[in-house]
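All chains, full assembly: derive it from the sequences and hints.
Residue numbers (this note's numbering), protein chains in the order written: chain A, 1 to 392; chain B, 393 to 737; chain C, 738 to 871.
Be aware that one or more of the hints could be misleading.
BS3-like mimics (lysine-lysine), calculated; alpha carbons at most 30 Å apart, straight line [as the list claims (entries may be wrong)]:
# : chain 1 : residue 1 : chain 2 : residue 2
1 : C       : K868      : B       : K720
2 : C       : K870      : B       : K409
3 : B       : K601      : B       : K632
4 : C       : K834      : B       : K431
5 : B       : K613      : B       : K431
Chain B is nowhere near these chain C residues, computed Cβ spacing over 12 Å in every case [stated by the list, open to error]:
#  : residue
6  : C763
7  : A765
8  : C774
9  : V794
10 : K834
11 : V847
12 : Q852
Rather than coming from a laboratory, the hints here were simulated on the basis of the structure.
Virtual Cβ for every residue (Gly too), placed ideally from N, Cα, C.
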Amino acid sequence: MGMRKVAIIGAGMTKFGEHWDRGFRDLVIEAGIKAIEDAKLTGNEISAGYVGTMAPGSLVGQEHAGALIADYMGLNPVPITRVEGACASGSLALRQGMMAVASGMHDIVVVGGVEKMTDLSTADVSEILGGAGDQEWELFNGITFPGLYAMMARRYMHEYGAGPEMLAAAAVKNHRNGAMNPYAQFQKEITLTDVLNSKTVADPLKVLDCSPITDGAAAVVLAPLDKAKDYMKNPVEIVASAQASGTLALHDRPTLSGIPAAQIAAQKAYAQAGMAPQDIDVAEVHDCFTIAELMAIEDLGFFPRGEGGKATLEGKTAIGNGRVVAVNTSGGLKAAGHPVGATGIKQAVEITWQLRGQAGKRQVPDAEIGLSHNVGGSGATAVVHIYRKVGA
Amino acid sequence: MAGIVGYGAYVPKFRIKTETIAKVWGEDPDRIANGLGIKEKAVAAMDEDAATMAVEAARIALARAQISPEDLGAVYVGSESHPYAVKPTATMLAEAIGATPNVTAADLEFACKAGTAGMQICMGLVDSGMVEYGLAAGSDTAQGRPGDALEYSAASGAAAYIIGKDENSLAVIEDTFSYTTDTPDFWRRPKADYPRHGGRFTGLPAYFKHVKGAAEGLLEKMGRSVDDYDYFVFHQPNAKFPKNVAKMLGVPPEKIRDGLLVPVVGNTYSGASPLGLANVLDKAKAGDSIFVTSFGSGAGSDAFSIKVTEAIGRRDRGRPLSGFLEDKEYLEYAEYAKFRGKFRM
Amino acid sequence: MKESVSLTWRRIPERYRILGTVCKNCDAYFFPLRQVCPKCRRKGRIEPHKFSGRGTVYSFTEIHSGPAGFESQVPYVMAIVELEEGPRCTGQVVDAKLEDVKIGDPVEAVFRQIQVDGDEGLIHYGFKFRKVKQ
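Okay, here's the thing in structure tokens:
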């Protein structure tokens, strides 16, 4: 293709949670500095930046996020561009950063993701998040995101006979992983019963089937692979970056029990990397709701359609020995939290730590190939990246 | 002569029983139910209003009329609970049924007789040749002050009439006569949430005087007597008043039965006489004669002499009122108060 | 979000009368309306089409935590309805509780208030669905 190979040479993130004392710029600066220090850069090397953030204008009244970050990180006149694709904003920013380096236009690029969500009421945030769907024909009529995924869950359960305990199993696993992740919003384990007995949000989804409202930021630093070793001895190569679009509204989708855009992005990513699902050791997938994880591991080809629930219940996506692939070692969106624009970058950070052997108690043994799967809205945007431990 | 080319009626699904309300206010449920002759009343859902109910009724009327909505030259909505004080319900209705933009429209208010006033206006427009068809709807989500006697009767419902030339009519309107005075029996000022009324003053000087005035006036004008009619529909704020006025006019009780919906639906205000007439039209046969007298506080009555034609079979093209009357769900008082916005949120 | 005056006004015919479009080139029906046929793109011939409003429930949920403006209606049933002409749309199911609704239930469109902007703002009307009595 004539494009350069790209590697991650630094990664960092804030703790995810309710940060009453930290605003939008505080969070993104903290993550940015951590990533730059991890890469052992001074900052003068940075040639460009990209930031994924879904709705700072509505959530905190702040647009022009790229300019804000360049200014407050002390990076003027470095060009920093905001990228938006709803909940996939982070991965879209990663993709833009990767293309900037791969094309040769920039050498060292910092990519961040951030969202500050707790400055408004839950009802207001719910309405703003609804903008990830079709404003005129979904949100206006009274649907919420839990409602959209609840309708997907109902179809999935109707078509494949899956039960609510299969969905709950994803939440239980992710909380177990989150309890081993000091950056996760929730570090407490939960049981299947806890999930099934929690309050209904949108039938059949309960509170514990749903990712929370979270503040947080994450950042990575990218460099051309052939220069990466100058900066660190264990860079992680991004071997595939793929994106696909689907219908904006869920009602225009040909099916509700899977996300076609995610399937297409996954196929393109595997083709780019010359790999197959069974090559993936660890995957961060977009579990905005438990049903989303079940469909994701099928869309990604880890399990046949309709069997993701059973596989999750049987522990095939846990970190332990019975695994086929370790899914959401960070705790996923459910337990680590989901500051919308930050999630895609947090996924890249977690994979980076896993492939470098820096994931502490939640380390997947011998992890060499990782994957991140980030979805916007109910499936209108899907982005898949595949990562390789250099030397693997 | 103008006639009814199509008609439709709608009552919301929810009901509250007189006894449910009585218990909240410490009243004797049997005494109230028997005194008013009302067992239960219809309650609009939170997302229903005079516009939405008028649309339901009008769509049924169009199905029965078998005309294109674009042939409607006029649309009027009579209500005392228009969703807006300024912005006519008639425009929302006209848009929803597809009568826009070549149509004249306006809202009417005359307490419980605004629906029949609209019918008279359409009759004039049709007879004069100004429009080919006109639609008049009476639609209300009437509110009763909590704890007041009117809380037992103030109800929600709508009926719509498409008026056109008599050759297309299911029922011809042979003539109409009105009796109107300035009588302060019941009123509401703009900033008040609930109306006020004159208690017993609402009887003889108001309801009875005007209903009798219009009914006797029409009979005299046409040279007819009550014996010439098979059905009578009177405005029904409760079951007692129409029964008493029937007695006063010499109308046998069985002739008012099919037009008397207040025992199971309550007083639907601008919808009351139009709904009563719709229930009669659902059952009447060709050649039957129907006498309708509405009443609106303030005060006035409109009387109509109606004759059912051979074309009445066309009513099968629309859902009968009985379908809505039978499909019901009861509310407890708190749900009812929430639905009707009686809580300050 | 509170829709602005002009934003809500533009969509009135479609929301009040279930007006969508059809591509006369490939006979695909669109509700909500589309001005570009995804299959034919610039070769498409888009014309208005009035839908009957009848359809069946494709999937549904009951919302317990509503967005701003819907808090007092909670819980309410939302569904994706497959219209008899083919396309699907999202709308509330009225006069029904969760246990009353099943996938495949026939429904018809009704005209209802969708959102009300407080005591002084606009009332936004549109379509919702009601189960058809068998």
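Against the structure, the hints:
1. C:K868 / B:K720: Holds - the C-alpha atoms of K720 (chain B) and K868 (chain C) are around 14 Å apart, at most 30 Å.
2. C:K870 / B:K409: holds, 24 Å
3. B:K601 / B:K632: Judged against 30 Å, a Cα distance of about 15 Å means the pair holds.
4. C:K834 / B:K431: Satisfied, since the Cα-Cα distance of roughly 25 Å is no more than 30 Å.
5. B:K613 / B:K431: violated, 37 Å
6. C763: holds, 27 Å
7. A765: holds, 24 Å
8. C774: Answer for C774 (chain C): holds, closest chain B Cβ roughly 25 Å.
9. V794: Label holds. Min Cβ-Cβ 18 Å, cutoff 12 Å.
10. K834: violated, 9 Å
11. V847: Since the minimum Cβ distance to chain B is about 7 Å, V847 (chain C) lies within 12 Å and the statement is violated.
12. Q852: violated, 9 Å
Violated hints, listed in ascending order, are 5, 10, 11, 12; each of the other numbered hints is respected by the structure.
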